[in-house]
Amino acid sequence: MKAPDIETASIVLIGSFNPTIFQPRWLGAQQLIRAEEAANAKITTIQSELTDFKVEWFHLQVLQNRFQIACTDPRQYGPLRDLVSGMFTILPHTPVTDVGMNRIFHFEMPSVDVWHALGHKLAPKNAWEPILDVPGLRSMQMQGRIKQQAEGLIHVKVEPSIQIQPGVYIEVNEEFKAVKDDVVGAHWVPQKLAEHWDAILDFSERAADHLLSVVK
Amino acid sequence: MVETQRVTRLETQQQGAVIHQTDDLSNPPAENFARGVLSPGKKFLVRNLLVERMPIFYRQIEDAQAAPRDQVMKSPDVLVRLVSDKQPTQRVRILQRWIGRIERVESESFVAVINDLTKPQYPPEEVELDRGEIPPGDVDLLIPGAAFYWTIGYVDSPGGQRQRVSAFRFVRQPRLSQTEMNRIMERADRLATFLET
Numbered sequence: 008m009k010a011p012d013i014e015t016a017s018i019v020l021i022g023s024f025n026p027t028i029f030q031p032r033w034l035g036a037q038q039l040i041r042a043e044e045a046a047n048a049k050i051t052t053i054q055s056e057l058t059d060f061k062v063e064w065f066h067l068q069v070l071q072n073r074f075q076i077a078c079t080d081p082r083q084y085g086p087l088r089d090l091v092s093g094m095f096t097i098l099p100h101t102p103v104t105d106v107g108m109n110r111i112f113h114f115e116m117p118s119v120d121v122w123h124a125l126g127h128k129l130a131p132k133n134a135w136e137p138i139l140d141v142p143g144l145r146s147m148q149m150q151g152r153i154k155q156q157a158e159g160l161i162h163v164k165v166e167p168s169i170q171i172q173p174g175v176y177i178e179v180n181e182e183f184k185a186v187k188d189d190v191v192g193a194h195w196v197p198q199k200l201a202e203h204w205d206a207i208l209d210f211s212e213r214a215a216d217h218l219l220s221v222v223k
Numbered sequence: 002m003v004e005t006q007r008v009t010r011l012e013t014q015q016q017g018a019v020i021h022q023t024d025d026l027s028n029p030p031a032e033n034f035a036r037g038v039l040s041p042g043k044k045f046l047v048r049n050l051l052v053e054r055m056p057i058f059y060r061q062i063e064d065a066q067a068a069p070r071d072q073v074m075k076s077p078d079v080l081v082r083l084v085s086d087k088q089p090t091q092r093v094r095i096l097q098r099w100i101g102r103i104e105r106v107e108s109e110s111f112v113a114v115i116n117d118l119t120k121p122q123y124p125p126e127e128v129e130l131d132r133g134e135i136p137p138g139d140v141d142l143l144i145p146g147a148a149f150y151w152t153i154g155y156v157d158s159p160g161g162q163r164q165r166v167s168a169f170r171f172v173r174q175p176r177l178s179q180t181e182m183n184r185i186m187e188r189a190d191r192l193a194t195f196l197e198t
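The listed protein sequences derive, respectively, from chains Z and P. Position one of the first sequence corresponds to residue 8 (the working numbering), numbered consecutively onward. Position one of the second sequence corresponds to residue 2 (the working numbering), numbered consecutively onward.
Honestly, I wouldn't trust all of these hints.
[Stated by the list, open to error] Label pairs and their calculated CB-CB ranges:
1. Ala-42(Z) with Met-182(P): 58 to 68 Å
2. Glu-158(Z) with Arg-102(P): 53 to 63 Å
3. Val-166(P) with Asp-12(Z): 13 to 23 Å
4. Ile-97(Z) with Gly-138(P): 18 to 28 Å
[To be verified] Away from chain P, derived, C-beta distances all over 12 Å, residues of chain Z:
5. His-123
6. Leu-125
7. Gln-148
8. Ser-168
Source of the hints: derived by calculation from the structure; they are not laboratory data. It should be emphasised that the depicted structure is a prediction, and the values quoted were computed from it without experimental measurement. For glycine and all other residues, C-beta sits at the position ideal for the given N, C-alpha and C.
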């Protein structure tokens, strides 16, 4: 894969959370992160409604209905999965209804012309030109599955990058839902991460490669 | 989407909890309270996820609930800064990465079996590495059987300096309670008995 200029991997859980549990000291006490990392965490806030802090290699934010952890260092994507698995192995009764595994890329395009060409290729303008002057692709999201019978639902979003000009933003998300008949807890989260995290990271690279190749 | 004139959306977000900023909560719109959208007394309001799932908003194309926030932050005046993919201070490019398992630990070195994750078709290799490679915070985890990640790559600083770095991080898993240990041992015994018969 062409090396991205910026990238992020994140894990998002939807459910019901107690934000105050998720503290650097708690992670350190559980030995899920190094003691030095816990001591040097940059805490924005720890409240009953919201926890937000950064450790050297991840940024954790927990709302009462949303847990999100993100990492911009590709060396730490494996540890990121381990960390979330560890947290919800310790907290198996946390109600989690959805798990999203996400990867984001920003790629600089070789020229403005190539940047436009990618937009034209993904969203041909002939359908729009009768009603719009200078139509341009602002955001596109596709949905599907890696294989027809696959469990997770994939979303791929393509937008102009707001951080790199001319650049392309590609977001890949795979989402899993708790089995409806099951008692909702978090016991299924570590297993889903173990089974699918590496696969979605690989898929996201293939997807980005493919999308960029349409203008080669 | 629920719209009120006094509420400024901090993000363009189609799903999940969306945080709104409001300048006057003393008299929020009654219809929003009736729907459970707003709760009084908070500077920042978290719209309940359930509201997004009301039938009126149901769409056949299912939006991603557990996706990252959009890349655009609409207002710089946020008190709660949401997780974003803003440009990191350094850029990392991985050249090779392995996952390894410690076989034995010597006084100055350790021996591990490593699997190449960059080229999974390569067979596992046994390597001897210096103990000094291990970060001080992970030294306690250096025991036979422990698993670790090892990556070699480039780190580019914002000033343009490129460094070639080798990084170790041990796999960390929750400590098992004695009850869990007993349960695992019982399952192992049952499996062993089954395989022997």
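Hints and how they fare:
Our hint of 58 to 68 Å for Ala-42(Z) and Met-182(P) is violated, since their Cβ atoms are close to 24 Å apart. Under the hint 53 to 63 Å, the C-beta atoms of Glu-158(Z) and Arg-102(P), about 29 Å apart, miss the expected range. Judged by the Cβ atoms, the range 13 to 23 Å given for Val-166(P) and Asp-12(Z) holds: they are separated by roughly 19 Å. A hinted range of 18 to 28 Å for the beta carbons of Ile-97(Z) and Gly-138(P) is consistent with their spacing of about 20 Å.
Chain P leaves His-123(Z) outside its interface by the beta-carbon criterion, the shortest separation being 19 Å against a cut-off of 12 Å. Non-interface call for Leu-125(Z) relative to chain P: holds, since the shortest CB-CB distance, roughly 17 Å, exceeds 12 Å. With a closest Cβ-Cβ approach of about 8 Å to chain P, Gln-148(Z) is found to fall inside the 12 Å limit, against its non-interface label. Under the 12 Å C-beta cut-off, the non-interface status given to Ser-168(Z) relative to chain P is violated; the minimum distance is some 8 Å.
In this structure, the earlier hints numbered 1, 2, 7, 8 are contradicted, and the remaining ones agree with it.
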